[in-house]
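Visitor: Spelled out from the first residue to the last, the chains are:
Number of protein chains: 4
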Amino acid sequence: MADPTTVRTDARRHHDPQIRGFASDNYAGTHPEILAALALANGGHQIAYGEDEYTEHLQRVMHSHFGPTAEAFPVFNGTGANVVSLQAMTDRWGAVICAESAHINVDEGGAPERVGGLKLLTVPTPDGKLTPELIDRQAYGWDDEHRAMPQVVSITQNTELGTVYTPDEIRAICDHAHGHGMKVHLDGARIANAAASLDVPMRTFTNTVGIDVLSFGGTKNGAIFGEAVVVLNPDAVRAMKHLRKLSMQLASKMRFVSVQLEALLAGDLWLRNARHANEMAQRLAEGVRAVDGVEILHPVQANAVFARLPHEVSERLQKRFRFYFWDEAAGDVRWMCAFDTTEDDVDAFVLALKEEMAK
Amino acid sequence: MADPTTVRTDARRHHDPQIRGFASDNYAGTHPEILAALALANGGHQIAYGEDEYTEHLQRVMHSHFGPTAEAFPVFNGTGANVVSLQAMTDRWGAVICAESAHINVDEGGAPERVGGLKLLTVPTPDGKLTPELIDRQAYGWDDEHRAMPQVVSITQNTELGTVYTPDEIRAICDHAHGHGMKVHLDGARIANAAASLDVPMRTFTNTVGIDVLSFGGTKNGAIFGEAVVVLNPDAVRAMKHLRKLSMQLASKMRFVSVQLEALLAGDLWLRNARHANEMAQRLAEGVRAVDGVEILHPVQANAVFARLPHEVSERLQKRFRFYFWDEAAGDVRWMCAFDTTEDDVDAFVLALKEEMAK
Amino acid sequence: MADPTTVRTDARRHHDPQIRGFASDNYAGTHPEILAALALANGGHQIAYGEDEYTEHLQRVMHSHFGPTAEAFPVFNGTGANVVSLQAMTDRWGAVICAESAHINVDEGGAPERVGGLKLLTVPTPDGKLTPELIDRQAYGWDDEHRAMPQVVSITQNTELGTVYTPDEIRAICDHAHGHGMKVHLDGARIANAAASLDVPMRTFTNTVGIDVLSFGGTKNGAIFGEAVVVLNPDAVRAMKHLRKLSMQLASKMRFVSVQLEALLAGDLWLRNARHANEMAQRLAEGVRAVDGVEILHPVQANAVFARLPHEVSERLQKRFRFYFWDEAAGDVRWMCAFDTTEDDVDAFVLALKEEMAK
Amino acid sequence: MADPTTVRTDARRHHDPQIRGFASDNYAGTHPEILAALALANGGHQIAYGEDEYTEHLQRVMHSHFGPTAEAFPVFNGTGANVVSLQAMTDRWGAVICAESAHINVDEGGAPERVGGLKLLTVPTPDGKLTPELIDRQAYGWDDEHRAMPQVVSITQNTELGTVYTPDEIRAICDHAHGHGMKVHLDGARIANAAASLDVPMRTFTNTVGIDVLSFGGTKNGAIFGEAVVVLNPDAVRAMKHLRKLSMQLASKMRFVSVQLEALLAGDLWLRNARHANEMAQRLAEGVRAVDGVEILHPVQANAVFARLPHEVSERLQKRFRFYFWDEAAGDVRWMCAFDTTEDDVDAFVLALKEEMAK
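In the order they appear, the protein sequences are chains C, R, Y and D. Mapping the first sequence onto full-length UniProt numbering, position 173 (from 1) lands on 173, and the numbers just tick up by one. Mapping the second sequence onto full-length UniProt numbering, position 245 (from 1) lands on 245, and the numbers just tick up by one. Mapping the third sequence onto full-length UniProt numbering, position 248 (from 1) lands on 248, and the numbers just tick up by one. Mapping the fourth sequence onto full-length UniProt numbering, position 274 (from 1) lands on 274, and the numbers just tick up by one.
Think of the hints as simulated: they come from the structure by calculation, not from any bench. Check the hints yourself; a few may be wrong.
Unchecked claim - Quick list of simulated restraints, FRET-style, between CB atoms:
(1) 107/C <-> 199/D: 45 to 51 Å
(2) 100/D <-> 181/C: 22 to 28 Å
(3) 171/C <-> 312/R: 55 to 61 Å
(4) 100/D <-> 319/Y: 55 to 61 Å
Yeah, the Cβ is synthetic: ideal placement off N, Cα and C, and Gly gets one too.
Only chain C is shown next, with the shape it has when bound in the complex (with noise of 0.2 Å):
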């Protein structure tokens, strides 16, 4: 097979591929060995649609992880993962109760109500994690046509704000929906981050306590694009197949998602990638606690860094690295790291927050 780097392209280069920042872990682009994996996949004919080879195989991969009921369905990005998953879950009559801080709920244009016809049924939490007493805010009329019906309890491991769910917590979770007839969804955009911070096999706080629908995230964990529906609990679904097509979620070349969650998962790539991310965001943390007037805002359990700090400041230093305001009114901001992002990119960026808080 040609060497990609040496085949000739038509297409050119239009960036700086030594410039990161701290922006999002989706504004890295790819591990090689995801470039690697694509090269393996090449080449000959494969059956369209998710009966390739790949997609078959993918499923002993997963069986790997989250034992041998797991079934993934390959989807094309996170909010498609979760808006199949959740319709899958769901009746027509069917509600989700999320944290209002829910990717679902904020970040996702609407689809859930829009494509799905799902309502969401929030309620707003300190840090991003829902509780059982939490759920109960919503968890109510079942029966009573003129509300929404609660099916589905959707949570986000690790959150949105960076904390880390233990497994007990989750499963205090599934067993209260569970115990109420509803079932649980898990939006694993960054289930490798989760896993690597409590150092557990991502079944440990799935399948064995009680998750039944997982949004697995590859996208942001080094994969150019591919994320995948893995149903954990065959009962909690229902046309997979038929929900992921008529969502526009289905690739045709499929062997192209699939072999990429392979290099993810059939090793340790995922892992290394994680653990890498969450360091850095340690690194990050321990650095900038040294500096006085920023305070960190949430426990750093993942890879990323919330912290307050005066909003003049982070216009400086968004001149010298990107990042985003989380809430600007309040001058907090959000620091990510990615599995690309290197010790100096970190001490570069401390020594610059140093340098602009003492302007």
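Fit chains R, Y and D to the given chain C structure using the hints.
Guide: Just chains R, Y and D now, with coordinates in the frame of chain C:
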């Protein structure tokens, strides 16, 4: 940069890259130049969700094909491109006139209805092509609230039956539709094959003759994945970015979609791939015409050959080469050529056909 | 209780109650017995949203017509009854097979697609009636995710063309559909006219022959407003109450819907009204048959007469009596009789027709 | 015309018209003048689906209340009025800011999300009333495709908690929303009670202060059924007729909806009914205030009284009079008065409350 073909990956090859069939152009893998382009775009950080340098540059590439008002919105797949386009061109109360055989009507799992709430007003056609007269069977009742309002005509180029509209035929449709206040969408999942067949630039049968919005197809033309809604008439759409997002078609690492389209369109890869596939279809058709008892059904104008032959012959042949029945009751089959189909593939297939017909 | 005809109201009469036409059976007002029933149900408090005594009693009335398993869910209008029914009978990924001329396809403003996300798989029919053979044109591909899944066959009795299925014809459809795992819905907007035409109880061509869910029509039969989804096979639906509410078809003061249906169905008002309308259509057809140059198009089996006559004659006639073109290009018209059509109305119309034809 | 009270009907009376409670204003029946209006509009033929004389005349009646640009679109029920309004005021990508306690959020079975695909951006409020400051918690991000676009602010007058906005409060909301390019919808299910409470014409707190679209409520004000979307600012909506139809809210015999609204609004029936209900609520509140241990929770400004009392007292009292818990855990109840509530009803209820409190 590391050479992807030598980088170690935990993924394994699960298929024989020497085996090809005639089932579909999306059974093919990707062109090596596409892999090279992905490698080129990798490394460093780029703004996610479409604010990257590659997506910006793609606009210039698209301008070279479709003129300075064209704007490309990369999406994941063809169904996504179509349903985002049609939503952007219609109101909540809108309907779309299309051929009964249109992909949006028969092959998208009801996504236009389910995701877009769109009613499709279909017309039977002999060859997959609409005409002003055929459109008129559904083009009425704009003021009648009891009828979903026809706001768009959608045509496919080349059609699902492998036929190709002439620029004049499309102009007649556009003039007719515009005269009724309707817009025109072109599903260009195989637009490159049509351009190669007509031997004209793509704009000749799109902008120039009145097409408002185009679903540009990259996947069947050799990409890994990636299509784009190309807005040719900015007045024909609204809120494209919002609709792409809420339709779950917004890629986070969009640079990797855009660079594939650049690799196809910056030079002539798109045309080389399409011409080759078309030539293989011509070679196949010539070979088939020499076989008694096999009837070619539609003009072979792009990369598809439709044929009628004894059902049991098809079944035996399918054990040697993959392909699909088109109308099993009638004995009709579809044979597709792709960018990677070789002359040897075609010759071997024709030989096998002769052998099976002779049994 | 005050006599409504003597109670002072600030509303004024704005129309001439002596003028009737042949445009539609819902141009008619309501039967006086319906007003009497409304007065009867008035006064005092009744639980809202369907927990009232009238809705409860309606179940017993429905049982007398459709047997003890029937359950009625009153709704506002026919489109509501159909779309609630079809949603209750399908999943998110379901589709409905129906005649191209079906009301759900041509007269509901796209509500099945827009509100229910339902794809309609239509079949052209000569007389508005489906058959097992016609159904088979769309009954396939249940496992194919690229196709919306056919889960329901919907027929209309009597049809939109004034024709009436025999019980055996419906039985054949139901057996065929059930054999494929599909359910059968009957749009009975004019079910009373069909029963009067066949001279059999309504159950003879519904439950008895396999209909699962019925849209029972009260409005065209003399009610002010009010239809009901009548579930004949409880296993064919789910969550009717929730679907009725979220489809905005739940009346708060439901007693006033239910008592109208009781007034129609507790005795023979439904049948008197329907028989009368059918008889007027027969009288009209007989009169028309005596007029040279006017062709009756379909069997006159209920309360509609379809005819073909010179376009200019229709236009002159429309200045004297209201009615609609059915297919203006072909010169086809539809003349509807209602519960309040008189013999004099018919005779005057036939006379006018003769006069205009003679000009 | 026959006297409806003497016309024989097969319907039977199933309830005691002397029993009333405090559960809801839609537990009441209809005002006798409404029945008189229905009788008046009966007889003869009128064009269906809104082209009748009564619907035309209704426009003039509405003009007398809301000025010459107002246009009324009669619909079946309040959920229908709200969801049709909000669809007409938004695009496919739009969202609606409302109070967490809004009827559209908590009492419509998810119809806004399911039928309209609308995301509701909710804000907790102490008394059911939004303010510019509260709106600002959700009014941002119009250019951010990751967020459903806030296009409408929806308020309820009087609120679900029985409180009434002053005209100035609504003006401040409208000015603020308009300043952000958003439109303002008023859910006027009990608008008559608000007008009676404020003792001003309805226009004073609608058109005059900037409301764009009004859901006008007739049912709770004494109609059998019937509400109307009243478009006050024609630029704020599009395609009302199409949206009403596809939302299944188009009555075929619309004259019977319109004449009810005429009966309410042509004279002062709307105001008599509302004033009476409000006065009964004041009488109730006064009686309750004299009972030790019962706390009135919100200002009693319309026809609702919210109170807190021992749970077991409520349960005993519910055996004598129907009413609902509002927040069962807190012991909060809601007592509603209607147009037909009598002074004796109130006095008997207060007496019973005293008796039960004393036990």
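Visitor: State for each hint whether it applies.
Guide: How the hints compare with the structure:
no., hint, result
1, 107/C <-> 199/D: 45 to 51 Å, "holds (47 Å)"
2, 100/D <-> 181/C: 22 to 28 Å, "holds (25 Å)"
3, 171/C <-> 312/R: 55 to 61 Å, "holds (58 Å)"
4, 100/D <-> 319/Y: 55 to 61 Å, "holds (57 Å)"
The structure fails none of the hints (numbered hints given earlier).
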